[in-house]
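Enquirer: Single-letter residue listing:
Protein chains: 2
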Amino acid sequence: MKPIGVFDSGVGGLTVVKELIRQLPFEDIVYFGDTARVPYGIKSKETIIRFSIENILFLLRHKVKFICVACNTASSVALPIIKSHFKVPIVGVIAPGVREAVYATQNKRIGVIGTSSTIRSRNYENQIKELNPQVKVIASACPLFVPFVEEGWFGGKVVLEVAKTYLKPLKKAGVDTVILGCTHYPLLKPVIKEVLGKKVKLIDSAQQVAIEVKEILTGLNLLNKGHSSRHKFYVSDNPEWFSRLAKRFLGRPVPKATMVDNV
Amino acid sequence: MKPIGVFDSGVGGLTVVKELIRQLPFEDIVYFGDTARVPYGIKSKETIIRFSIENILFLLRHKVKFICVACNTASSVALPIIKSHFKVPIVGVIAPGVREAVYATQNKRIGVIGTSSTIRSRNYENQIKELNPQVKVIASACPLFVPFVEEGWFGGKVVLEVAKTYLKPLKKAGVDTVILGCTHYPLLKPVIKEVLGKKVKLIDSAQQVAIEVKEILTGLNLLNKGHSSRHKFYVSDNPEWFSRLAKRFLGRPVPKATMVDNV
Numbered sequence: 001m002k003p004i005g006v007f008d009s010g011v012g013g014l015t016v017v018k019e020l021i022r023q024l025p026f027e028d029i030v031y032f033g034d035t036a037r038v039p040y041g042i043k044s045k046e047t048i049i050r051f052s053i054e055n056i057l058f059l060l061r062h063k064v065k066f067i068c069v070a071c072n073t074a075s076s077v078a079l080p081i082i083k084s085h086f087k088v089p090i091v092g093v094i095a096p097g098v099r100e101a102v103y104a105t106q107n108k109r110i111g112v113i114g115t116s117s118t119i120r121s122r123n124y125e126n127q128i129k130e131l132n133p134q135v136k137v138i139a140s141a142c143p144l145f146v147p148f149v150e151e152g153w154f155g156g157k158v159v160l161e162v163a164k165t166y167l168k169p170l171k172k173a174g175v176d177t178v179i180l181g182c183t184h185y186p187l188l189k190p191v192i193k194e195v196l197g198k199k200v201k202l203i204d205s206a207q208q209v210a211i212e213v214k215e216i217l218t219g220l221n222l223l224n225k226g227h228s229s230r231h232k233f234y235v236s237d238n239p240e241w242f243s244r245l246a247k248r249f250l251g252r253p254v255p256k257a258t259m260v261d262n263v
Numbered sequence: 001m002k003p004i005g006v007f008d009s010g011v012g013g014l015t016v017v018k019e020l021i022r023q024l025p026f027e028d029i030v031y032f033g034d035t036a037r038v039p040y041g042i043k044s045k046e047t048i049i050r051f052s053i054e055n056i057l058f059l060l061r062h063k064v065k066f067i068c069v070a071c072n073t074a075s076s077v078a079l080p081i082i083k084s085h086f087k088v089p090i091v092g093v094i095a096p097g098v099r100e101a102v103y104a105t106q107n108k109r110i111g112v113i114g115t116s117s118t119i120r121s122r123n124y125e126n127q128i129k130e131l132n133p134q135v136k137v138i139a140s141a142c143p144l145f146v147p148f149v150e151e152g153w154f155g156g157k158v159v160l161e162v163a164k165t166y167l168k169p170l171k172k173a174g175v176d177t178v179i180l181g182c183t184h185y186p187l188l189k190p191v192i193k194e195v196l197g198k199k200v201k202l203i204d205s206a207q208q209v210a211i212e213v214k215e216i217l218t219g220l221n222l223l224n225k226g227h228s229s230r231h232k233f234y235v236s237d238n239p240e241w242f243s244r245l246a247k248r249f250l251g252r253p254v255p256k257a258t259m260v261d262n263v
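As given, the protein sequences belong to chains A and B, one line each in that order.
Take the first sequence: its letter number 5 is residue 5 in the working numbering, and every next letter is one higher.
Take the second sequence: its letter number 159 is residue 159 in the working numbering, and every next letter is one higher.
Hints are computed from structural coordinates only; laboratory data are not their basis.
Treat each hint with caution, since some may be false.
Just so you know, same-sequence chains aren't split out, so a pair can sit in one copy or run between any two.
[To be verified] Within a straight-line C-alpha distance of at most 25 angstroms, the following computed BS3-like cross-link-like pairs (lysine-lysine) qualify: (1) Lys172 / Lys2; (2) Lys214 / Lys83; (3) Lys247 / Lys193; (4) Lys225 / Lys193; (5) Lys193 / Lys214; (6) Lys157 / Lys2; (7) Lys256 / Lys45; (8) Lys168 / Lys157; (9) Lys247 / Lys45; (10) Lys83 / Lys63; (11) Lys65 / Lys256.
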């Protein structure tokens, strides 16, 4: 009957929460968004690991039975370390997206877009190669996409122009599948589709992550049944800004988030 | 003989350090850039105050005789509180820029650009009105300017297009003077000039801040004389990234910054 813990650097992880709620309607969820230190994507490995550990300790204080790292940057950079530290089962958002992309590609050319830290970690690339060494991976960092989304710029001339610049190497390489390696990017799908063309499949890992969470909880016999669920949202800063943006990520109104100091 | 302490959310405050070194060549400087929690401009008043206090405590551990808040967001939002808390003399970057702008304007129309938090605080507006209630102030938040500068986008089609959007109300109001209310913005001067026209005077407060620091230190009889100066740089994350960008802000190579945990 314990809740599932989910953390992200800010608001993006709510795309994962949305899928968790849809696929696991009887689960309680405790969400933590580290809005005081957002964004993670421009920060170093050491710092992202430290922040992730602090977020996990916060969730553990809420007696979570399971933790989902709903942040691609933290999943890319910190997952092996934090999995080795904690007893609680932890999943990230990289592996599920990788599996879907490797399954989906026809021409064995997969594009990966993400924050600077995610791309620098080469984690997506390594995991794809592990599943299928024949796949060619073309990765591109899109550091301005997060500020665009957080400012509410989801389209228009400027965003399109920046998307063209970032996606050029993927287009040139003729990828048929692209992993949206950041939880903010699904909100830019229309622009990304406009640049890459309709035939390119965009992989948004949230759905796959929820499937994986369900499988693991079932395997561990930790799944709730027939229980009316509660969802609690905590942030380290700016609860009003969070709630305003949250609606867009979650696809429905969010109860007011509680501001906490997680460290 | 004690050093001057300077802090900023990241690398922008080095534009102030550059002027301090030029105008106060005999002073030691300890700089702290809070790169683990950058940017401040999207965060709440309470959080910016908390971060500023932690940064000051860090500088006090380095026995500084004087503190310069080289961050417009922290100066706008936190200065009155931190000045009331600490004995060490503290100056921010708002008042010097305000004085210069009010002195410079001919048509009594001043534009102010800054981060969302800076503009929301209305601090510039209030201080300008205090000096001269007849001045009309047109303020505009430019939240994408910081990511542009930090990604090394100093010009080009996209930056120009965004600048046109942000600066439209200033242009429409016919301002003859614009305060660059963020230490990152001087690096976008060419684009801002292109949009506003050459006749509009851009106020970059760094120079005025250094003049004020010199005046205060002289008044307090704390000025160093004939002493070869040392400049030390500390960051809470990413010393390599900091040093790479620092060169551009400081106009000369920066000795490697030391990574520290300031809290």
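Enquirer: Each hint: holds or not?
Expert: Cross-check of the supplied hints:
{"no.": "1", "hint": "Lys172 / Lys2", "verdict": "neither (48 angstroms within a copy, 57 angstroms between copies)"}
{"no.": "2", "hint": "Lys214 / Lys83", "verdict": "within (18 angstroms within a copy, 53 angstroms between copies)"}
{"no.": "3", "hint": "Lys247 / Lys193", "verdict": "within (23 angstroms within a copy, 38 angstroms between copies)"}
{"no.": "4", "hint": "Lys225 / Lys193", "verdict": "neither (39 angstroms within a copy, 63 angstroms between copies)"}
{"no.": "5", "hint": "Lys193 / Lys214", "verdict": "neither (30 angstroms within a copy, 56 angstroms between copies)"}
{"no.": "6", "hint": "Lys157 / Lys2", "verdict": "neither (46 angstroms within a copy, 52 angstroms between copies)"}
{"no.": "7", "hint": "Lys256 / Lys45", "verdict": "between (31 angstroms within a copy, 18 angstroms between copies)"}
{"no.": "8", "hint": "Lys168 / Lys157", "verdict": "both (16 angstroms within a copy, 16 angstroms between copies)"}
{"no.": "9", "hint": "Lys247 / Lys45", "verdict": "between (30 angstroms within a copy, 23 angstroms between copies)"}
{"no.": "10", "hint": "Lys83 / Lys63", "verdict": "within (17 angstroms within a copy, 41 angstroms between copies)"}
{"no.": "11", "hint": "Lys65 / Lys256", "verdict": "within (24 angstroms within a copy, 43 angstroms between copies)"}
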